[in-house]
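K.L.:
Chain by chain, the residues:
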Amino acid sequence: MPAFILRRLAQTLLVLFITSALVFGGLYLVGNPIEILVNPAADEAEKARAAVALGLDRPVLEQYWIFLKGATTGDLGTSFVFGRPALEVILERMPATLELAFLAMIMSVGIGVPLGLYAGLHPHRVSSKAIMAGSILGFSLPTFWVGLLLIMLFAVQLGWLPSTGRGPTEDVFGLSISIFSLEGLRYAFLPSLNLALFKLSLIIRLTRAQVREQALLDYIRFARAKGLPRSRVIGVHLLKNIMIPLVTVIGLELGSVIAFAIVTESIFAWPGMGKLVIDSMFQLDRPVVVAYLLVVVLMFILINLTVDILYAALDPRVRLDGTRA
Amino acid sequence: MIREFLRSRIATAALAALVLIVLVAVFAPWIAPQNPYDLAQLDLLDARLAPGGKYLLGTDGQGRDMLSAIFYGLRVSLLVGVASGLIALALGGLLGVFAAYAGGRAEQLLMRVVDIQLGFPAILVALILIAVLGKGVDKIIVALVCVQWAYYARTARSAAVVERNKEYVDAARSLGFSHLRIVLRHLLPNAMPPLIVVGTVQVAHAIALEATLSFLGLGLPTTEPSLGLLIANGYEYLLSGRYWISVYPGLALLATILSINLVGDQLRDQFNPRLAR
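Going down the list, the sequences are from chains D and H. Position one of the first sequence corresponds to residue 1 (the working numbering), numbered consecutively onward. Position one of the second sequence corresponds to residue 1 (the working numbering), numbered consecutively onward.
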């Protein structure tokens with residue numbers, strides 16, 4: 001186990017290094033941020049002064065070297081637009097993204113597991129077939145388009161919910177959180193529903209497949225033969241056993257929800273990390289883009305690592321051989 | 001096999017819809033009521049007209065016929081999806097089969113790279129690549145190939161690992177055929193069925209991903225609007241109740257992705273020996 005973790009940490013550093021080099025080099029080629037950042041009326045001397053101030057006058061390798069040196073001490077550069085450390089700007093927006101991801105996961109599990117359970121226990125009912133057809137639709141619907149439809153229906157036509165933005169925040173353990181108030185939840189409902197839709201379909205299908213597989217096994221038959229009530233057989237015996245693969249998938253999907261929040265945040269003007277990175281890409285705010293990608297990649301690697309270790313701890317048949325990021 | 005496919009009514013309907021969509025995309029310049037990107041054919045006085053009357057699906061902010069715009073948009077969306085799918089299939093499939101045939105360190109290394117990449121969601125990988133490459137049809141195809149190749153490589157390798165120990169491979173070897181010939185003529189054809197199944201699903205993914213990137217303004221340039229860009233252009237009008245500019249391109253996108261997914265589902269079931277039929 002320690003050797004496995006060490007090897008994975010080494011691999012993590014390598015992946016982070018490659019990502020940073022790729023993104024840094026690529027962004028350097030894309031365009032000149034000075035043209036966007038400085039007043040268009042500025043003369044050449046003023047532009048040159050700005051380039052010196054931002055360190056953009058140096059050769060790209062030297063810029064990258066300075067970045068790497070800073071990165072080892074946790075300094076991922078200073079945002080061109082905000083004039084503050086890029087990491088600080090990103091971490092500030094993180095609670096907004098995390099609360100959205102959190103709500104979306106609750107929705108997809110809270111709705112998906114019961115629906116999947118139902119469809120798995122009664123596979124031939126019309127309602128089960130409708131649930132499965134709905135899940136295929138959920139897979140095929142482009143997330144961003146559904147977001148637009150949600151805004152159109154609930155905000156423009158019906159006027160029930162606000163269309164964009166984030167509700168009032170309050171301070172919880174030093175983080176500004178909006179979903180503990182009713183007003184905040186009204187703002188968060190549509191974006192998190194939008195974000196949940198794809199995962200919801202996935203969880204329905206997964207739960208159904210698991211239920212159909214497990215319901216045929218001997219332990220279920222035995223529990224029934226003992227005369228246990230049906231609710232206990234399903235609620236305790238069956239649910240416990242389908243939870244192991246479900247928890248793995250839910251853990252892994254949490255990361256992809258955070259990544260997909262980029263799209264949802266852009267549609268609903270939700271001030272999270274995802275919207276920040278899209279805005280930064282347009283403004284050529286290189287340090288923020290690089291820092292965002294590194295933070296998210298690191299988050300991913302840690303989530304995957306945790307899931308792998310937990311899996312090995314839960315199921316002794318799993319051997320850790322160091323694959324997967 | 002074809003008869004079995006046609007026995008599923010849903011899959012047959014989906015296939016028919018898909019054929020229709022492809023035909024519309026291919027023949028768009030001949031069947032569209034107007035060329036939506038020829039400015040001389042646009043009439044600004046007809047801007048933002050509701051569906052019905054002269055324009056079946058209404059017009060956008062520049063007086064462009066939405067039906068024609070959707071036909072042309074389908075062309076771009078399908079071109080990007082299919083081209084990137086085919087290139088990724090060729091690249092990933094070959095790498096996967098070669099890795100399985102070579103075995104040893106080469107196989108391990110390739111699979112490690114695949115595992116690392118598949119640990120990240122497609123949208124994140126695509127975003128990194130677009131940030132690096134910039135906009136344009138060619139660039140988005142490159143980005144989508146980089147996103148997809150790993151799925152094909154994994155599928156091809158696992159299919160070829162089963163095949164590589166079979167007698168016909170030994171026979172080919174003892175006949176003195178070159179490695180290249182064994183891989184291309186013997187292993188690859190036998191690894192094709194699962195690759196085709198993955199391919200259908202991946203093309204749908206690629207189309208959706210391209211639409212998403214274009215919607216965010218990171219995909220195709222405005223001179224070649226795909227369905228995603230059409231939907232994005234309609235966003236600003238949506239809030240004032242002019243739904244058609246966004247909704248109809250979205251329906252076209254949904255129909256395309258849904259029919260590909262349904263056909264893919266059926267193919268997967270047919271190729272899956274574990275499902276009783």
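Heads up, some of the hints might be wrong.
[Unchecked claim] Stretches of chain D that chain H covers, calculated by requiring three or more beta carbons in the stretch to come under 8 Å of a beta carbon on chain H:
hint : segment
1    : 18-26
2    : 126-140
3    : 235-244
Since the hints were made in silico from the structure, they are not lab data. Don't be surprised by glycine CBs; every beta carbon is placed ideally from N, CA and C.
K.L.:
Among the hints numbered above, which are violated by the structure, and what are their numbers in rising order?
P.N.:
Violated hint (a single one): 3; every other hint is consistent with the structure.
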